[in-house]
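Undergrad: Residue strings, one per chain:
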Amino acid sequence: MWRGCHSITQNERWRDMDRYDAIVIGGGHNGLVNGAYLARGGLKTLILERRRLVGGAAITEELRPGFWFTTFSYALSLLRPQIIHELELTKQGFLPLLMPNRFAPMDDGDYLLFTRDHDENLREIARHSRHDADAYEQYSHDLDMVCQAIKPLLDTVPPDIFSDDPEELVALAALGSHLRKLDRRTLHNAVRLLTGSAADFLDDYFESDILKGYLASTSIIGSNVGPRSQGSGLVLLFHSLGEHDGEFGTWAFHKGGNGGFTQVLARAAQAFGAEIRLEAPVVRVLTRDGEATGVALEDGTEIGADVVVSGLDPRRTFLELVDPRELPDDLVEEIRRLKFRGVSSKVNFALDGLPRYPGLGDRGDIFRGFTNIGPSIDYLEHAFDEAKYGWYSQSPYIDAAIQSTIDPDMAPPSKHVLSCFVQYTPYELRESDWDAERQRMADQVQATLERYFPRFADLILQREVQTPLDIERTVGLSEGNIFAGEFLVPQMFFFRPAPGWSQYRTPIAGYYQCGSGTHPGGCVMGAPGRLAAGQILKDRSRATGD
Amino acid sequence: MMHTTPFHDRTSALNETGLWNHWAGHLSANRYQISDKFEYFAVRNAAGIFDTSPLFKYRIAGADAERFLSGILARDVRACPPQQAQYTTWLDERGFVLEDGVVQHRARDDYLLTAAEPNYAYLADRVGRLRVSIEDVSLHIGALAIQGPRSRDLLARLVPAVTEVPFFGITTGTIGSRPVTVSRTGYTGDLGYEIWVETPDALTVWDALWDAVEGYGVLPYGLAALRMLRIEAGLLLLAVDFDSSRFAFNDAHRSTPIELGWSWMFKGLADDDRSFIGRCALLREMSEKTSRWRMAGLVVDWEDYDRVYRAAGLIPPKEHTPVHEDWMVYDDERQRVGFATSFMYSPILQRHIALARVRPDLAKVGTRVHLEFTVDHHYQQVAAHVARLPLYNPERKMA
Chain A
1050 MWRGCHSITQ NERWRDMDRY DAIVIGGGHN GLVNGAYLAR GGLKTLILER RRLVGGAAIT
1110 EELRPGFWFT TFSYALSLLR PQIIHELELT KQGFLPLLMP NRFAPMDDGD YLLFTRDHDE
1170 NLREIARHSR HDADAYEQYS HDLDMVCQAI KPLLDTVPPD IFSDDPEELV ALAALGSHLR
1230 KLDRRTLHNA VRLLTGSAAD FLDDYFESDI LKGYLASTSI IGSNVGPRSQ GSGLVLLFHS
1290 LGEHDGEFGT WAFHKGGNGG FTQVLARAAQ AFGAEIRLEA PVVRVLTRDG EATGVALEDG
1350 TEIGADVVVS GLDPRRTFLE LVDPRELPDD LVEEIRRLKF RGVSSKVNFA LDGLPRYPGL
1410 GDRGDIFRGF TNIGPSIDYL EHAFDEAKYG WYSQSPYIDA AIQSTIDPDM APPSKHVLSC
1470 FVQYTPYELR ESDWDAERQR MADQVQATLE RYFPRFADLI LQREVQTPLD IERTVGLSEG
1530 NIFAGEFLVP QMFFFRPAPG WSQYRTPIAG YYQCGSGTHP GGCVMGAPGR LAAGQILKDR
1590 SRATGD
Chain B
7 MMHTTPFHDR TSALNETGLW NHWAGHLSAN RYQISDKFEY FAVRNAAGIF DTSPLFKYRI
67 AGADAERFLS GILARDVRAC PPQQAQYTTW LDERGFVLED GVVQHRARDD YLLTAAEPNY
127 AYLADRVGRL RVSIEDVSLH IGALAIQGPR SRDLLARLVP AVTEVPFFGI TTGTIGSRPV
187 TVSRTGYTGD LGYEIWVETP DALTVWDALW DAVEGYGVLP YGLAALRMLR IEAGLLLLAV
247 DFDSSRFAFN DAHRSTPIEL GWSWMFKGLA DDDRSFIGRC ALLREMSEKT SRWRMAGLVV
307 DWEDYDRVYR AAGLIPPKEH TPVHEDWMVY DDERQRVGFA TSFMYSPILQ RHIALARVRP
367 DLAKVGTRVH LEFTVDHHYQ QVAAHVARLP LYNPERKMA
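Chains A and B supply the protein sequences, listed in that same order. Just so you know, we're using my numbering here: the first sequence kicks off at 1050 and counts up by one. Just so you know, we're using my numbering here: the second sequence kicks off at 7 and counts up by one.
Please keep in mind that the hints were generated in silico from the structure rather than gathered at the bench. Hints are not guaranteed to be accurate.
Stated by the list, open to error - Chain B regions said to be covered by chain A (calculated; three or more residues, Cβ under 8 Å): (1) 7–13; (2) 46–54; (3) 188–201.
Said to hold, decoys possible - Calculated pairs, DSS-like style, for lysine-lysine (alpha carbon to alpha carbon, straight line, at most 27 Å): (4) Lys403(B) / Lys1140(A); (5) Lys1464(A) / Lys1200(A); (6) Lys324(B) / Lys1140(A).
The beta carbon of each residue, even a glycine, is placed where N, CA and C say it ideally should be.
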C-alpha cells in the first residue's frame, strides 16, 4: 500500500518518510559492513537488529562487573583491509592490538612457545625437531605463496559459471588467467590444501607431534572435520588467509574484543548516514510479483524499501524470511541440504589471576596470545572421534586466550578474562541434548585446563558456557555453525550458498544476501557484506541507467 | 664503560633481550621484551614507562634567568609562567635551528632546559654580565616518562595534583616519600607525564611507581617503540628529521624553524621587542617568504601502495619499524618537490605515514604528492597526500 503511492494525505506522507532505499536484516558484522557501504553509496539505509545490541556473533558483554567477555567470536584476522580504509574505520576507533606470543603446552610438561622473534621461533622448533625448524621456513613460504594466490578471490564476486553473459565470461577468463600465472608448486599446493587433509599436508613437511598438532589446530576450527579428514586442508588454508598489519596468518585482538570492533562498524555505518534500529526482529520479507517490497517486523510494523538484504544464514534467508514457494525448487532443495552441523562451543571464564604453567614457572607473558590445547594430530583426531558418533570430546581441543593480557580494559586490575573456543561439541547429541549436557561439557573443558594448569579451578570467579544450541538460540546461526554454513568444497566459491546464487542476488528481485553463508564465507571478514553492497549498487545504477 | 641511568638496576632486570642502545652516553633499552610493537600498544592502549634520563638537562637560575633565556630561545619564554613548561628552539644568527627542547619554568628565576645534545658551553658562553648561573644537572636528575591513556589515573594515585595539571603544566609531589617534579610532557603525542627526580631518589621512586601500576597493563618501553610513537605524534628527531646548524657543512643540512613547521611558536613576534639570536633572520624569512620547505605529514595512498607491490607479486609490507632515510617526494608532474625523513607503517592509523619537507606551496592539507622508494631494486612512486601534523592526535592528549 505504501509502494508507488503518491497520495498526499498526512498519513501517506509519514509512510513515505519511513521508506528506505535499502533495509539490511541483521546487524552482525556483515550486515553492518553492508549497510555502511550502501549508505556510503548514497542509499537511505536501515539496519534492523533483533537483539539489544549489534554485532551478531561478534559481541563483547560485561557479564560480571568489570569483566568483559567476548561471548562468541574472539579474535580478528581475516577482516579485509579495504574495509578498514573504505569505511574509514580508524576514525571510529578501529584498533587491532598485537598478540605477540602463541603457546602450546604438551602432555609431558614441555611446550612450544612462539614469540615475535623469528630466529627464536626456529630455535624453539629445533628443540623438538631440528628437521622441522628448516621445514617450517619452507612450509611458511609455501603457505604464503598459496595465500597470495588465493587472496584476490576473497575480494571478487565469483563468476557465474552457468551464465552466457559476456561479462561473466570475461570474469571467468580473468580467473583462469589468474590461475595460469601461478607457478606449478603453488597451484599444486593450493589444490592439495583445497581438497586434501591437513594431516597429509603437514606430514609432508614435519615430524614433530607438537608442531603438527599446533598447525593442524587451525584445520578444524568451526568445522565438522578432523585433521585427517579430507577437507581439513581447506579450513587450514582459510584460516591462513588472514593478516595483521600485513603479516599473513596472524591474528589480532581488537580493542574491546570483537564487540568493540562491531561497535566501530556501527559508528561507521551511522557516520555514512545509515540508521540502526535495535530490538527490531524481522519475521518476513515482503514481496509482490517476485519483487521485494520491504519487511515485516515481529510487532506487525511493515517498512518499505526497494532493496532488502539478508545478513542471516542461507537457511533463514531462503527458507524462513521468504516463503520457499516463491523460490525455484532446485534452490530450495540445495539450501535444505546445505551442511551446518555446528561443532564449536565457547566456555568463558572470569579469573582471579593468571594460570601457571609448571614448565615455565611464573611467566605470565606466555598468555599474550592464543594458548593451543591440541598437542598432536592424534589428540585432535581423538577429540573428533567422539563427535563422529554424536558426543562431545572428553579431551577437547581448546583455543584459549586471556584477552585481558592484551587489552587490560577487559578486566579489573590483576584479574583476567579467559576465552575458550572448544571442539568438538556437535549440535546434535546422541540420546541427550545440550540443555542437559551444557555444564558437564564445560566441566570437561575445565578439567582439561586443570591438567595443563594445576590449580586452575582455584582461579575461577565465573564460568559461562555457549553450546552450539545456545549459539543458534542467541545469535540465530543455524545449528550453531559459526560460519553460517560449513566450509566444504561443494559449499564454497561458485557454490556458496548454492550453485548459481553465489553473486549475492536471489531469485526475488531486490532481495539480496550478504551473510557469511555467501562467498567467501565466515570469520569476521566482512567480505560478503562488502561484495554484496557492490552488487546492489551496481544493479541499482544499471536500473537507473547511470 | 658506558654510563648507566639512575634507574639501570631496575631497567636491566626488566630488559629480557639483554640488548642496549647508546643514547647520549648512556645504556638505553631498545626494547624490554621481544616485541617493540607490543610496547607501542601498551602506550596507546594502557600506559608505558620510559627511562628518559639520558636527556641533557641544564638548570638556569638567577635574577636574570628569564632575560637570559629570552635572548637565547627563539620562542618567547616570558609567556611561560612558573609551573609551566614550553617546547622551544634556539637558532643561530642566520635563523637556522640549533636545537629544540623543553624549558620548564619550575619557580621564579629557576628554569630547567632539556636538550638532545650537549649545550653547556653554548649557554655558558652567552651569559655575559647577566646574573644567571648555568648548571649541567644531566647526571643529577633522573627522568621517567609515563605515557598513555591510563597515565593520569595511575600517576594520580601517587601525585594527586596531576589530575589538575594542564598540557605542559608542572606540579610537584612525592613518590615513595621522595620529592618529584611532574610535567605533563612527553614524546609520544599521547596523554602523558614526565617525572623528574634527584638521582639518589631514583630507585625509590621507580619502585613506588612500579608498585602503583602493577596489574594495570603498564609496560616499560624502549627506544624502538618511542621512535614509532613520536612519528605519529609529529615530533621531530634531531639528526634524523633535521640537523643542528652548528655542525652542518652546508645550508642543505640546515633548517629554519618555519621550515620545520614551528611558525606557531612565533605568533605575535612582530609585536614583541624581544631581542634573541636569529630574530632578524627569522623576521626577514617570514616577510620575504624565503623558506625553502615546509614540514608536512604524509599519508600514503593504500591502494597505490598495494598496487605497486602486488604488480611485483609481493606481499605489501606493513613494517612498523621506522625508516630514517631521505626518500624523495615528487609532484604530479614528477618534479622533485621535497623529501621524507621518517617513514613507517602506523598500526593505529593503519597507513604508511611519513614526516617530510615539501615546497611551501605544496604544504596545504590534501595536496597530492608522490613518495619514491624501491621495489625489487627499481624506483617506484606511490601517491600520498599532505595531512595535518600530528597525524595521530587523540583528544585525551590535551583534555
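Undergrad: Now, for every hint given, state plainly whether the structure supports it.
TA: Results for each hint:
1. 7–13: Since 0 is below three, the answer is violated.
2. 46–54: It holds: at least three residues are needed, and the stretch 46–54 of chain B offers 4 whose Cβ sits within less than 8 Å of chain A.
3. 188–201: violated (count 0)
4. Lys403(B) / Lys1140(A): With a Cα-Cα distance of about 16 Å, the restraint between Lys403(B) and Lys1140(A) holds, given a limit of 27 Å.
5. Lys1464(A) / Lys1200(A): Violated, at roughly 39 Å.
6. Lys324(B) / Lys1140(A): This hinted pair holds, its Cα atoms lying about 20 Å apart.
Taken one by one, the earlier hints fail for this structure at numbers 1, 3, 5, listed in ascending order.
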